[in-house]
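Its first residue numbered 16, the sequence shown is counted upward by one per residue in our numbering.
A few of these clues could be false.
Unchecked claim - Derived PhoX-like pairs (lysine-lysine); straight-line CA-CA distance at most 20 Å:
hint : residue 1 : residue 2
1    : K208      : K71
2    : K134      : K117
3    : K140      : K158
4    : K158      : K194
These aren't lab readings, by the way, just hints derived from the structure by calculation.
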Amino acid sequence: RMGGKKQASKSGTPDKKPMGKGTSASVQQLYELAFCLWTMTYELNGSHSVRADFAKDGLAVAALTDLVSVAPREKVIRVALAALHNLAVCTSEVNPGPAGTKIDGTVFLSDMIACGLMKSIDYLKDRQFTDPDIIEDVNALYKLLVHNYKEMTRWEVYKNEVESGHLQWGSVHTEAFFKENARMLEGSDGDFKLLKVLIALLPSNDDDVAAIACYDIGEFVRHYPNGRAIAKRLGAKELVMNLIEHENVEIQRHALQCVSKIMVQNWEYVK
C-alpha cells in the first residue's frame with residue numbers, strides 16, 4: 016500500500032499445488048513472485064520507467080490477477096492484492112515521463128478490468144479472511160474498479176479485454192454488441208489491429224479464449240461490410256477450420272459456426 020508498509024510473511028514450506036490451466040508451481044514460488052512485484056510497486060510514483068515496465072503488454076497485471084484468482088494460500092493473495100492496490104493508486108505527478116505517455120493508476124485499472132479482476136474481487140468479498148490487510152485491499156480495489164468501469168464505454172471494455180488476451184464470456188461478446196460496434200474493429204488507421212489480435216488468439220491453450228475468439232470473428236464477419244473477405248485475407252478461415260476437430264465440444268461448435276459465417280452469405284437463414 017502506498018500509504019504504509021505491510022508485513023510480508025516469511026513462512027515457507029514449498030507445498031506443491033497445481034495453479035491455473037496447465038501450470039504447476041509451489042506456494043512458496045508463487046509467493047516469491049508476488050512479493051517481488053509488490054516490492055517494485057513502491058517505485059511506481061517516482062519512476063516513469065518502472066510504470067512503463069509494469070504497463071508493458073499488461074503482463075504484470077495479468078500475472079497478479081491470476082495469483083489472486085487461483086492462489087491456494089492467503090499469504091499469496093495478500094501480497095498480490097497489495098501489489099494491485101499500489102498499481103491502482105499510483106500517480107505520474109512526480110515523474111510524468113515524456114509528453115503523451117502518461118501512465119498512472121487509470122491505465123492499470125483498465126488492465127485489471129480487462130483481465131477479469133472484478134469477478135475475482137466479487138468472489139473474495141464473500142470469503143472469510145483472517146488477515147485485515149486482505150479485507151482492506153479487497154474493499155479498496157472493489158471501489159476503484161467499479162468507479163473506473165462506470166467511466167469506460169462498452170467498446171473500451173471490449174478493446175482492453177481483447178488486447179489483454181483474457182477473453183471472458185459477457186455482454187461484449189453478443190450479437191447486440193457487434194451490431195453496434197463491428198465497424199470499430201477497423202481501428203483508427205484502418206489496419207484492423209484488434210481483429211488481428213482476435214485471430215492470433217485462436218490457437219490459445221485456454222479453451223474459453225479460443226471459443227470466444229471464434230464467436231467474435233464470426234460476429235464481425237456478419238455485421239461488417241465485406242467482413243467475410245477481410246477475415247479470409249487475414250488468415251482467420253484456416254485457423255478456425257483447424258479448431259473444428261478440437262477435443263473441446265464448445266470450441267468445435269463455435270469454430271463450425273464461425274466457418275459457416277465466413278463461407279455463407281446469409282448465415283442467419285441456415286442456423
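Against the structure, the hints come out as follows:
A hinted pair counts as satisfied when its Cα atoms are at most 20 Å apart, and K208 with K71 qualifies at roughly 17 Å. Distance check on the hinted pair: K134 and K117 sit about 27 Å apart at the alpha-carbon level, beyond 20 Å; violated. Simply put, K140 and K158 have alpha-carbon atoms about 12 Å apart, close enough for the 20 Å limit, and the pair holds. The straight-line distance between the Cα atoms of K158 and K194 is roughly 31 Å, outside the 20 Å bound, and the hint therefore fails.
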